[in-house]
Every structure is written in C-alpha cells, then in structure tokens.
Amino acid sequence: MTQLGPARTRLGPPALSLVAALVQAGAAVAQVDSEAVFARARAVNLARMHAERLNGGLSGYRAAACMHRTGSTDCLIGEDGEGYTFRFRGGPPGWEQEVPPVPTVESVVTIALDGRSVVAVPYNGPLVPDDEPAAAGDS
974 MTQLGPARTR
984 LGPPALSLVA
994 ALVQAGAAVA
1004 QVDSEAVFAR
1014 ARAVNLARMH
1024 AERLNGGLSG
1034 YRAAACMHRT
1044 GSTDCLIGED
1054 GEGYTFRFRG
1064 GPPGWEQEVP
1074 PVPTVESVVT
1084 IALDGRSVVA
1094 VPYNGPLVPD
1104 DEPAAAGDS
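In my numbering, the protein residues as written are 974 to 1112.
Bear in mind the hints are in silico, worked out from the structure with no lab data behind them.
We treat Cβ as the ideally placed atom computed from N, Cα and C, and that holds for glycine.
Do not rely on the hints blindly, as some may be mistaken.
Simulated restraints, written as ranges between beta carbons of each label pair [stated by the list, open to error]:
no.	residue 1	residue 2	range
1	Gly-1067	Arg-1089	28 to 34 Å
2	Pro-987	Val-1092	43 to 49 Å
3	Ala-1014	Leu-1100	47 to 53 Å
4	Asp-1047	Phe-1011	14 to 20 Å
5	Glu-1071	Arg-1042	15 to 21 Å
6	His-1041	Arg-1089	18 to 24 Å
7	Ile-1050	Asp-1006	32 to 38 Å
8	Gly-1029	Val-1072	22 to 28 Å
9	Met-1022	Ser-990	19 to 25 Å
Using the sequences and the accompanying hints, generate a full structural model.
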C-alpha cells in the first residue's frame, strides 16, 4: 500500500470491494426498513378506511385517534406472517371529545404485510369489555 501522508493509507482493490459490498448491504437493509415503515403506515390507513366503510362512512362513524397517527402502534395488537392486526374503537363523529368518551363500535382488522389488502375482519360490532378478546364470528 502507498502512504499518502501521516495516518492516511491508500486502500487497495480488495479493501475497496469490501467497502462497496458493505455500503450496498447497508443500503439494502435501509430500503427494507423504509419499505416496512411505509407498509405499516398503509396498513393503519387501510384498516381505518375499511372500518369506516363497514360502519356507514364518515358521516356517521369515526375511528379512534390511534388510527389517525402515522407510525403509532397503540392500536396494533399483532404483527406476524399474516399481516398487521389492529384493534380499535369508534363511534359517531365527536365521540372522543365527549367526557368521558363513549365509543359504540369495536373493530379488529388484519391487513396484509405490504399494507395493500384486507386479510380478515375477525370482529366488527358492539364493544367488547377490555378483559375479553374480540371473538371471531361475533360481527
């Protein structure tokens, strides 16, 4: 290797190849991470919009605030090979501003991992007490 000055060494072809490979690997990981972030954001939006459709549209229904915050995982109850599963409450417009808030509907919606399709709606119906899971087939 050729010295370029004190504490500066010129890298040979093998070292440059290694650096290039590491940079490419890092870029691939960053791309996968950013794709997952965008997929989760799409999944939140799709789950919320699907519940809005199921419950009569925006004129009569609003999902909980946790379904309106990008990057929020407050309503995310599961993430596996099936996709993202969200459990959230909703009600008539303004329900969350009431004191106390009075939701009327609970939804459990599973969205594909790419955030682009609804996989299942295990539950969409009257509120389920917090200590009970929303059961499949109760909608």
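Results of checking the hints against the structure:
Under the hint 28 to 34 Å, the C-beta atoms of Gly-1067 and Arg-1089, about 31 Å apart, fit the expected range. Checked against the given bound of 43 to 49 Å, the beta carbons of Pro-987 and Val-1092, roughly 47 Å apart, stay inside it. As the Cβ distance of Ala-1014 to Leu-1100 is approximately 27 Å, the hint placing it in 47 to 53 Å is violated. Judged by the Cβ atoms, the range 14 to 20 Å given for Asp-1047 and Phe-1011 holds: they are separated by roughly 19 Å.
Separated by about 20 Å at the C-beta atoms, Glu-1071 and Arg-1042 satisfy the suggested range of 15 to 21 Å. Hint check: His-1041 to Arg-1089, Cβ distance near 19 Å, so the stated range 18 to 24 Å holds. At about 22 Å, the CB distance of Ile-1050 to Asp-1006 disagrees with the hint of 32 to 38 Å. Taking 22 to 28 Å as the suggested C-beta distance range, the pair Gly-1029 and Val-1072 conforms, at roughly 24 Å.
The beta-carbon spacing between Met-1022 and Ser-990, approximately 48 Å, falls outside the hinted interval of 19 to 25 Å.
Of the numbered hints given earlier, the model fails hints 3, 7, 9; all others are met.
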